[in-house]
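Novice: Note that the protein sequences, when read in sequence, are chains A and B. Using the numbering used here, read the first sequence as starting at -17 and increasing by one per residue. Using the numbering used here, read the second sequence as starting at 346 and increasing by one per residue.
Read the hints as simulated data drawn from the structure, not as lab findings. These numbers come from a predicted model, not from an experiment. Every residue gets a Cβ at the ideal spot worked out from N, C-alpha and C, and that includes glycine. Just to be clear, a hint being listed does not mean it is correct.
[What the hints assert, rightly or not] Here are the simulated lysine-lysine pairs, DSS-like style, with alpha carbons at most 27 Å apart:
| hint | chain 1 | residue 1 | chain 2 | residue 2 |
| --- | --- | --- | --- | --- |
| 1 | A | K26 | B | K376 |
| 2 | B | K645 | A | K(-14) |
| 3 | B | K645 | A | K18 |
| 4 | A | K18 | B | K606 |
| 5 | A | K26 | B | K645 |
| 6 | B | K691 | A | K23 |
| 7 | B | K371 | B | K645 |
| 8 | B | K376 | B | K566 |
| 9 | A | K26 | B | K606 |
| 10 | A | K(-14) | B | K566 |
| 11 | B | K559 | B | K620 |
[To be verified] The following label-pair restraints were derived from C-beta to C-beta distances:
| hint | chain 1 | residue 1 | chain 2 | residue 2 | range |
| --- | --- | --- | --- | --- | --- |
| 12 | A | T41 | B | Q356 | 46 to 56 Å |
| 13 | B | R516 | A | H44 | 48 to 58 Å |
| 14 | A | Q1 | B | D634 | 45 to 55 Å |
| 15 | B | K367 | A | K18 | 31 to 41 Å |
| 16 | B | A627 | A | S17 | 47 to 57 Å |
| 17 | A | Q1 | B | A627 | 27 to 37 Å |
| 18 | B | Q715 | A | H44 | 36 to 46 Å |
| 19 | A | Q1 | B | Q356 | 44 to 54 Å |
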Amino acid sequence: MTVKIFGQLGDIIGTNLIQVNDIVNTTELVTNLQSKYPALKNAKYKIAVNRNIIQSNTTLQHDAEVALLPPFSGG
Amino acid sequence: MNNDKRYERYQRQIVLKEFGVKAQVKLLHSKVLVVGAGGLGCAVLQYLVAAGVGTVGIIDNDVVSLSNLHRQVLYTCNDIGLLKAQVASEKLKAFNDEININTYNIKLTNQNALSIIKHYDIIVDGTDNFSSRYMINDACILLSKPLIYGAIFKFEGQVAIFNVKSDLNIRALNYRDLFTAPPKEDEVLNCAEAGVLGILPGIIGTMQANETIKLIIGVGKTLINTLLTYNALDNSIYEFNLSLNEEAQDLIPNDEEAFLKMDYEWLCSSHINNKFEIDVAAFNKLVEDDNTTIIDVREKDEQPLINEFEHIQIPLNQLINNQSLIVKNNVIVFCQSGKRSLQAAKMLSELFNNKNIYSLKDGIIDWKKQALQET
């Protein structure tokens, strides 16, 4: 599955697109990403799965498209 | 629409079959408040005024500075130091003298927001900080006003319409359904710190103006309950469907009294970290101490480059991974304005409980300024 990274999270992860496999849900995805990129723990962002913003742990199919969306303040 | 001159002004949009005289009349009768006359505001305002929105409110207490001009295209070199709302208002009157423009040279706060917002049909958020964004969101919920949201970061932008009911079964969704509670201001960089592509607020602001006009005239598909993201580097556009967040409801003030009591600045401030801050004098003294490690936590390419004192560079997001580089007893972190360094100081204090951790207050830009004054 693909994880699309937006805004300042790209600076933490170092890219705006990553591929991951064998992840069953969004909680597991976040845990994995946080252990690889510790600065993510302090970042605020919303998760979308297949272009739908989710509010709780969500099962991920192998072809899911996940997006990590941080808030922007600039104007 | 019996005035020939007026018809001529708007003729090119009136001839669109989806638009017509009916849509023009709706625009002329509508009232839109644009909060912030910065990058987003400059774009939104020009198109709303040109399209013939009957009453446009502009609210901003800031003055024009040279570093605004690359993106805030209503202003010229002659306007530096003048009030943005005032200058914008005068320029816009020259664009279209048939509409009403209300100028507010003040900061919109929770103390004045309800009495101003209630006079308008739609509110456009063009502000540049989270405390204003959450305050405007909450005010729009209390007054049931549609909110046209836009925000930018470096090369990316977000646009959405909040607080318009689209599904009879659920309440109207708002900014807090997307981002429930405000991040602290030091958790997210603003334009001054992160930089921003000048054309980006022009694109995002123009999208906000387009959504405003479509919402007024009831034509096309709008971004109600949808977050649109745009990336200027690769032209990618995504749309995400918003969803209801039960927790969001608890954070919104229930009534006017509760709203007036909210401290939006405090919600977004870094007050809890202030114990780490040191001023320029204390900083200069510690620089002389051999037992001090000084860390620049800015990104590698950020200006100004510092060669006045010895230091190491570790960008904020790599600090934890590079903690082995920090060996001395005193540690001072600095960044552009003192916000990221405060966050760094907090992180370091959690990593090392036997070191003295300091953050340069107001950042290296202020330090440079003071150093220049002394020479």
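Novice: Would you mind marking each hint as holding or not holding in the structure?
Specialist: Structure-based check of all given hints:
1. A/K26 / B/K376: Violated: A/K26 and B/K376 sit about 34 Å apart, past 27 Å.
2. B/K645 / A/K(-14): This hinted pair holds, its Cα atoms lying about 24 Å apart.
3. B/K645 / A/K18: 21 Å, holds
4. A/K18 / B/K606: Given pair A/K18, B/K606 is violated - Cα atoms ~41 Å apart, limit 27 Å.
5. A/K26 / B/K645: Distance of about 23 Å is within 27 Å: holds.
6. B/K691 / A/K23: 14 Å, holds
7. B/K371 / B/K645: Between B/K371 and B/K645 the Cα gap is close to 51 Å, so the pair fails against 27 Å, i.e. violated.
8. B/K376 / B/K566: Holds: B/K376 and B/K566 sit about 21 Å apart, inside 27 Å.
9. A/K26 / B/K606: Given that 27 Å is the threshold and the Cα spacing comes to 26 Å, the pair holds.
10. A/K(-14) / B/K566: 25 Å, holds
11. B/K559 / B/K620: With Cα atoms ~49 Å apart, B/K559 and B/K620 exceed 27 Å; violated.
12. A/T41 / B/Q356: 46 to 56 Å: Hint holds: Cβ distance 55 Å, inside 46 to 56 Å.
13. B/R516 / A/H44: 48 to 58 Å: 35 Å, violated
14. A/Q1 / B/D634: 45 to 55 Å: Given a distance of about 48 Å, which is inside 45 to 55 Å, the answer is holds.
15. B/K367 / A/K18: 31 to 41 Å: 56 Å, violated
16. B/A627 / A/S17: 47 to 57 Å: 37 Å, violated
17. A/Q1 / B/A627: 27 to 37 Å: 48 Å, violated
18. B/Q715 / A/H44: 36 to 46 Å: Given a distance of about 57 Å, which is not inside 36 to 46 Å, the answer is violated.
19. A/Q1 / B/Q356: 44 to 54 Å: 52 Å, holds
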